[in-house]
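Can you build the whole structure from these sequences, using the hints too?
For what it's worth, the working numbering labels the leading residue of the sequence shown as -11, then goes sequentially.
Do not rely on the hints blindly, as some may be mistaken.
[Claimed, not checked] Label pairs and their computed distance ranges (CB to CB):
| # | residue 1 | residue 2 | range |
| --- | --- | --- | --- |
| 1 | 139 | 225 | 43 to 49 angstroms |
| 2 | 57 | 187 | 25 to 31 angstroms |
| 3 | 5 | 183 | 20 to 26 angstroms |
| 4 | 63 | 35 | 23 to 29 angstroms |
| 5 | 194 | 114 | 29 to 35 angstroms |
| 6 | 95 | 224 | 25 to 31 angstroms |
| 7 | 221 | 139 | 41 to 47 angstroms |
| 8 | 20 | 61 | 23 to 29 angstroms |
| 9 | 47 | 20 | 33 to 39 angstroms |
| 10 | 35 | 188 | 24 to 30 angstroms |
Hints in this document: simulated from the structure, not taken from any laboratory.
This structure is a prediction, so every number in the text was calculated from the model and none was measured.
Just so it is clear, CB atoms sit at the ideal spot from N, CA and C, and this is done for glycine as well.
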Amino acid sequence: MIDLMHDLPNLRLVQLLTAGAEDWIGRLPDGVMLSNGRGAHGGSVAEWVLGVLLTIYWDLTDFVDAQRDRRWAHHRTDGLRGKRVLVIGAGDLGRTLQQRLEVFDTTVTLVGTVARGHVRGVAELPELLGGCDVVVLMVPVTAETVGMVDAKFLARMTDGAVLVNAARGPVVDTEALLAELSSGRLRAALDVTDPEPLPSDHPLWMAPGLLLTPHIGGSSRGNFDRAYAIAAEEITRYVAGARPKNLVLGQY
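Structure representation (structure tokens):
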């Protein structure tokens, strides 16, 4: 599709249905604007994050296994109340997740590229990581975010903490995460992986403490209706002579 852009001399705007735009950035002809689907998927991705955290803290997979085996496996579980959650990414996805999480009496800290208001900056991550029970990734793929979650990043996380990747697979160093999971020090929930799709023989499939889903965060029923509604708003705005609100500038 991108290769066809150079054969469309009157093209002025490319409107995406997704929030992620990494496959398009830097590949459009000069003078062509790029707008993403920001605002369409925040709710569904936030629900996925809540779902995996509730599953992990309430040991729901253990109870499903016990039900399958017809075992009455009563035991005390954990919960979300009182958890300290660090959300890296302070855009629509991060803000929507913050609203959902705070209903569960969690303490949420948003981290953006730079500090502003109640948002902390990425430069503060070394001091923030050790004070959180959960770290949620909701950042776009850029030169700065690829490999951001490396061995040093993970080592700063609290023992028993949960890493949740709702961003893109390359943001996390897979081998470094595997090492932490294998040791039992950290837990994780991944909706995205590197590589993706995950090969059937990849060690992540059997990693302890990992809840894995196949990139479904933005795929709930009605997702296309929500995405096309955003696209229609952006295109209508452009046709009326205004700049689209979701323009992707630079790397984001």
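If you check the beta carbons of residue 20 and residue 61, does the distance land in 23 to 29 angstroms? violated, 58 angstroms
Status of the given 29 to 35 angstroms range, CB of residue 114 versus CB of residue 194: holds, 31 angstroms
That 20 to 26 angstroms hint for residue 5 and residue 183 (C-beta), does it hold up? Holds, at about 24 angstroms.
Does 43 to 49 angstroms hold as the CB distance between residue 139 and residue 225, or does it fail? About 44 angstroms separates the Cβ atoms of residue 139 and residue 225, which means 43 to 49 angstroms holds.
Range hint compliance [Cβ, residue 221 to residue 139, 41 to 47 angstroms]: holds, 42 angstroms
Range hint compliance [Cβ, residue 63 to residue 35, 23 to 29 angstroms]: Holds, at about 26 angstroms.
Residue 57 and residue 187, beta-carbon distance inside 25 to 31 angstroms? holds, 29 angstroms
Does the Cβ-Cβ separation between residue 47 and residue 20 fall within 33 to 39 angstroms? violated, 50 angstroms
Range first: 24 to 30 angstroms. Now tell me if the beta carbons of residue 35 and residue 188 are that far apart. Roughly 28 angstroms apart at Cβ, these two residues keep to the hinted range, so it holds.
Measuring from beta carbon to beta carbon, are residue 95 and residue 224 in 25 to 31 angstroms? Violated, at about 40 angstroms.
When held up to the earlier numbered hints, the structure conflicts with 6, 8 and 9 and fits the remainder.
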